[in-house]
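Engineer: Spelled out, the chains give:
Protein chains: 2
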Amino acid sequence: MDSVTKSLTSLSLDPTSVHHSSTNSLTAWRDALTANPEVPTSFELIKTLVYKPKTSKTATPVPVVVIAHESASVNSGAIGKKLNLKDLRLASEDLLKEFFSLDKDSLSPLAINEANFSKVVTVVDASIATTTAPLALHALTSSATVFLSSSDLLKYLRHLETEDTKLQELDLQNLEIPAPAATPSKAPSKEKEDAKIEGAVKIAIGVKKEVDFSTWYTNVLLKADMLDYYNVSGCYILKPWSYSIWEEIQRWFDGEIKELGVQNSYFPMFVSAKVLEREKDHIEGFSPEVAWVTKAGNSDLEEPIAIRPTSETAMYPYYAKWIKSHRDLPLKLNQWNSVVRWEFKNPQPFLRTREFLWQEGHTAHLTSDEADIEVRQILDLYRRIYEELLAVPVIPGIKSEKEKFAGGLYTTTVEGFIPTTGRGIQGATSHCLGQNFSRPEMFNIVVEDPTDPTNQRKTYVWQNSWGISTRAIGVMVMVHGDNQGLVLPPRVASIQVVVVPCGITVNTSSETRSRIESACEELAKTLKKGGIKVKADLRDDKTPGYKFNDWEQKGVPLRLEIGPNDLAKQQTLAVRRDNGIKSPIAIENITSAVSHLLDSIQSDMFKRAQESFHSRLKEVTKWEDVVPGLDSKNVVVIPWCEREACEDDIKERSAKASEPTDERAPSAGAKSLAIPFDQSRWTAIEPGKTKCPACGQDAKRWTMFGRSY
Amino acid sequence: MDSVTKSLTSLSLDPTSVHHSSTNSLTAWRDALTANPEVPTSFELIKTLVYKPKTSKTATPVPVVVIAHESASVNSGAIGKKLNLKDLRLASEDLLKEFFSLDKDSLSPLAINEANFSKVVTVVDASIATTTAPLALHALTSSATVFLSSSDLLKYLRHLETEDTKLQELDLQNLEIPAPAATPSKAPSKEKEDAKIEGAVKIAIGVKKEVDFSTWYTNVLLKADMLDYYNVSGCYILKPWSYSIWEEIQRWFDGEIKELGVQNSYFPMFVSAKVLEREKDHIEGFSPEVAWVTKAGNSDLEEPIAIRPTSETAMYPYYAKWIKSHRDLPLKLNQWNSVVRWEFKNPQPFLRTREFLWQEGHTAHLTSDEADIEVRQILDLYRRIYEELLAVPVIPGIKSEKEKFAGGLYTTTVEGFIPTTGRGIQGATSHCLGQNFSRPEMFNIVVEDPTDPTNQRKTYVWQNSWGISTRAIGVMVMVHGDNQGLVLPPRVASIQVVVVPCGITVNTSSETRSRIESACEELAKTLKKGGIKVKADLRDDKTPGYKFNDWEQKGVPLRLEIGPNDLAKQQTLAVRRDNGIKSPIAIENITSAVSHLLDSIQSDMFKRAQESFHSRLKEVTKWEDVVPGLDSKNVVVIPWCEREACEDDIKERSAKASEPTDERAPSAGAKSLAIPFDQSRWTAIEPGKTKCPACGQDAKRWTMFGRSY
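Going line by line, the protein sequences match chains A and B. Numbering of the first sequence is given in my numbering, commencing with residue 1 and proceeding in unit increments. Numbering of the second sequence is given in my numbering, commencing with residue 1 and proceeding in unit increments.
There may be inaccurate statements among the hints.
Which copy is meant is left open, because identical chains are indistinguishable; a pair holds if it fits in one copy or across any two.
Stated by the list, open to error - Think about it this way: if two alpha-carbon atoms lie no more than 30 Å apart in a straight line, the pair counts; the simulated DSS-like pairs of lysine-lysine are:
id, residue 1, residue 2
1, 458, 321
2, 258, 533
3, 321, 535
4, 166, 97
5, 528, 618
6, 324, 547
7, 535, 324
8, 321, 47
9, 691, 345
10, 321, 223
11, 321, 54
12, 209, 321
13, 295, 402
14, 166, 547
Calculated from the structure, these hints are not laboratory results.
This is chain A alone, in the form it adopts within the complex (with noise of 0.2 Å):
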């Protein structure tokens, strides 16, 4: 950093800049700098390619240095036809350590400096000139950055000129592209082009859903003012517009399970190691990812103190203790909270993150059928939330062996799916924990057997533990959104119905103008005595059709419009947020009418989004169709064997035919997603007869398999 300040500097260019956690990938770079509240609110990334043309082996190589913006499409074929350089390839990291040293996630159009200037060839994309927006470098490291202004970033560059080298401005949206064979890896970053909309000044995402759809769905949070990103890595922000979902799903499922009996309490958020290292398996499954607090205040803390992911441990030497009889059966009790579970991976707002919200769950009852008749009354539950508040459709299921959760006896899921990258998405999960926490050299939770008519017999409770998490916005945001922005499902809706006054020109006289600002907010207050969410929006600075795009971004399931002939008419245009259809209502009945068309729009979304998700469910029963199969994005339904082995072998087998869909989505293998209850949807399996395509040995039920958030 010190030798890109020195440099800058004697060139009287004093830029700022900031530090961040190191960066991979350009989405990684920009999570980095949106959530540092010190970085310009509008910045452009500036990217940095290095390719090596085709030389003889003996030569010395001339790479050529590209500086684009980050949406730039680079054309290295267009670009050599230019610069006549045969087979420009992209420069491995041996070549960028040899003439910048530095790796490719450090690059910048810094690396470049009056040393290495003569042996390089530098293009700088022409549309830098006309950037007005500060540009984001890296300074010579991934985890900091620099902002420069487009004349300065050129002014350095050009002032490592000589009378034999000089810098090439190239426009590198107009080139000349050669014929096709020549440029085959270039596909990919042709179609992230095409992510960005044409017009995206009145269309609000700025990039195509079904061609860049991590960006896609960042802005859609962003721009929705769902969520902000945080200081810390892997934290979110949740803003109202998000929260005030999550507070639905709690309203609705709070109700639902206290009606079961269930009782809400709270446990403290820190653990002892001791009790949380009691179960094996259990924390096998999660102590990679648990957080450790040490200090307090300036005091080491004797022992360490684990922040839960997960409360199963912390809960149960109490529920020993208090379950004495089989009178103190059933116990049930949840908890509203969160966990932390300090991932590594890409982090993915409200997918992975490092801490998130959910509902615990946490039973104890003293037969095996009491607890598996709760385990699906919870599951269902839990498909009610998707299905009937989020209208996203789920299947319900069991889980294979090996994916079931840690320490349990088994976990019934319901799997959703995002048809844009076509891989599956867990959902929520309940499970039956079976005596294995209850038994006496794990927390020992017994009472006496109450059928043992000589009272000796004892029994070890059993348990079950369940949630849900905020996870279930983001995957109604990923099914739900599209080119627009949010679209949300009236039924979580904070606002369900804007009311537009529309038609106010300079022409309109003071008093049309405040009639129908009258009528705008006459409107709202009817709607919502009927019990409708409802916003009249008068803001006085903006116009209709910023109007129109602000609440189209943030999914506002319905908006009516009042102009002076509506007034005249006595009615509304109602616009629906999900299919745009456009239909006039009269005022008269107007609750009723609206109240009818929310629920035709929850409805509507539902059926949609269900009948997408079982287009996509793939009957195959040959090994050959398995690829493909998940190639077209859906999830592949097989007669499978359910033995672990032959689930490993499906995973490896199906990655290396795996396609870059979405850089954060972390599996590119195929896993086992559900065993669906309702197996009458596929040609019944005949036992012993009917082969796991994978294996070849008897298929038992039909399993799903997809690739998977």
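Fit chain B to the given chain A structure using the hints.
Structural biologist: Just chain B, lined up with the frame of chain A:
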């Protein structure tokens, strides 16, 4: 510990033992054991006291070691008289070191061994021999405990006896007590014994509120099933019986703040060191109590990360980012979360815990007027939580400069009062932060001033923060609880009415029995329909008397009894928990009668508590009345000069006369509790004439001073 084990095993004794945090009082020791799930549910703490008789200076003293139950009254005068030893005084630490190589907190009967038995007089209380519960003894360290049966303890001690030295078994409760002059120091201990209530089998709490308040409080919480101790010190489990009170507070307050335009959100629990330390005064107030995460899995973090003690500095960088125009104001966010303050003082359930639940509201306003108005709106909501929900009277006022929130402009408070200890307690606070956090060198939260026609002038936002925590539940318990246990105000009781079938004897026909039970169920159903939270207690293994005690301990506001006579008369006998008054109520129109009765209970509880508080507010204008006022368990209200130096002085001067009313109430000197908004209660202050009784300078406002929690 090893030497203990050795000598015990040599006697074929095989005691169980546990480790815990070190303890410096009987209460702390009991807490540490209760929190440990491995400890038997019932046990008796054994205390070991060492006295030195008066001897000539040159003679080697022969200490008297007294081994007795925790609760036993040890009258050293009486023991001395019995043993013919003069002037027994508690031995110095030096003497303990000399004879036993132990400090007083580690002392135990096991410290007596073959080497020292002949050098001391060992007295064992005769009642130990008849104790059936396991005895808890320190294992020669205050951080470990062994459990022995009484016979094993006596076996151990007796094996030390020699021809010359015998164990002294004395009946400590029935020793002849010498004239009072001889035992001036033993009064408090005698009083502790009185705290044990006669007939404690029938009466739940075991000790009297008025005598041993600290033990009473803990017992109420445990017996009402509100809370359990947890194996991380200073952390407690909130069980459904207390958590449901918090849910009532949440439901009511959340609705009220949403009416004020406040929205809920969630910020991460982690705060980077850099951000936390941004405001100097603020961090000085919190840093000694901050818990730090330094490790995740097996990796050390690059930088330690704090767990929020409060969220000002975590949130405000984002306020600066989000607030770009005066149109973004006011910004009003709230979160329901937990915070961590790693107190090193004695923890106390609800009142001082290392993690606690609260809400924290953080708002930003354009003008100081708007901020001021909101501070008071919120404070009034806090007053209503205490007065209308919890039936606990509070006095709203402003804090002195010394007691205000670290880094804020001014702090308003609702101050409560615990009559039994005569101590004040802060109920909840609503702070105006002024522009202290928004100014440019701090978080720089700035907008253009909309009143400036040139659009040049900038204005820094005015901020408030406000919070109420689960402490409120502890205050409610302390104010309303009695010697039968908890007393719940109907508005926060999760069961407001319990219906108990009565008068069923062995002679009752099964038909009558089932008619009574049906009537109970029917009654509960009727009340439930009327919106009353009711439970019919039809447990067939419990007597009515057991049930009465059970629900009285848990504080259920109203009991309805139905026996054969009630059935005949179509009535039920209502018994109020708050005052024990019984009255029959006709089953006809029962819902409105019960609703009315619950309202009366609620308002009577509040009125009684208010009268009690107001009768303890002593208007004091002379210094010599201050300490006697405090010692009579009052809050003294003085016409105060409002100078910080004077406040320090008052604290110091009043501390000297302190008496130990509650071992866990931290401060014995009086501090300013609040300057009440309503000054009209006291004689009008004449400017320049009325003087501060502490320093003689001009008085400004009447100010409440008191010992406090």
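Engineer: Is it within, between, both or neither when you check residue 295 against residue 402 at 30 Å Cα-Cα?
Structural biologist: between (37 Å within a copy, 28 Å between copies)
Engineer: Please work out whether the CA atoms of residue 166 and residue 97 approach to 30 Å or closer within one copy, between two copies, in both situations, or in neither?
Structural biologist: Close inside one copy (23 Å), not across copies (86 Å); limit 30 Å.
Engineer: When no copy is specified for residue 209 and residue 321, does a C-alpha distance of 30 Å or less occur within a copy, between copies, both, or neither?
Structural biologist: between (53 Å within a copy, 27 Å between copies)
Engineer: How would you classify residue 258 and residue 533 at a CA-CA limit of 30 Å: within, between, both, or neither?
Structural biologist: Intra 26 Å, inter 13 Å, cutoff 30 Å: intra and inter.
Engineer: Have a look at residue 321 and residue 535 and pick one of within, between, both or neither, based on CA distance no larger than 30 Å.
Structural biologist: between (52 Å within a copy, 25 Å between copies)
Engineer: When no copy is specified for residue 321 and residue 223, does a C-alpha distance of 30 Å or less occur within a copy, between copies, both, or neither?
Structural biologist: The answer is between: 14 Å across copies meets 30 Å, while 50 Å in one copy does not.
Engineer: Within, between, both or neither: how does the pair residue 166, residue 547 come out at a Cα-Cα threshold of 30 Å?
Structural biologist: neither (49 Å within a copy, 94 Å between copies)
Engineer: When no copy is named, should residue 528 and residue 618 be tagged within, between, both, or neither for a Cα gap of at most 30 Å?
Structural biologist: Result: close neither inside a copy nor across copies, 45 Å intra and 51 Å inter.
Engineer: Up to 30 Å between alpha-carbons, please classify residue 321 paired with residue 47: within, between, both or neither.
Structural biologist: The answer is between: 26 Å across copies meets 30 Å, while 60 Å in one copy does not.
Engineer: Have a look at residue 324 and residue 547 and pick one of within, between, both or neither, based on CA distance no larger than 30 Å.
Structural biologist: Between copies, since 18 Å is at most 30 Å while 62 Å is not.
Engineer: How would you classify residue 691 and residue 345 at a CA-CA limit of 30 Å: within, between, both, or neither?
Structural biologist: neither (36 Å within a copy, 67 Å between copies)
Engineer: Using 30 Å as the alpha carbon limit, work out where residue 535 and residue 324 are close: within a copy, between copies, both or neither.
Structural biologist: Answer is between; shortest inter-copy Cα gap is 23 Å, intra-copy 54 Å.
Hint compliance for this structure: hints 5, 9, 11 and 14 are broken, all remaining hints hold.
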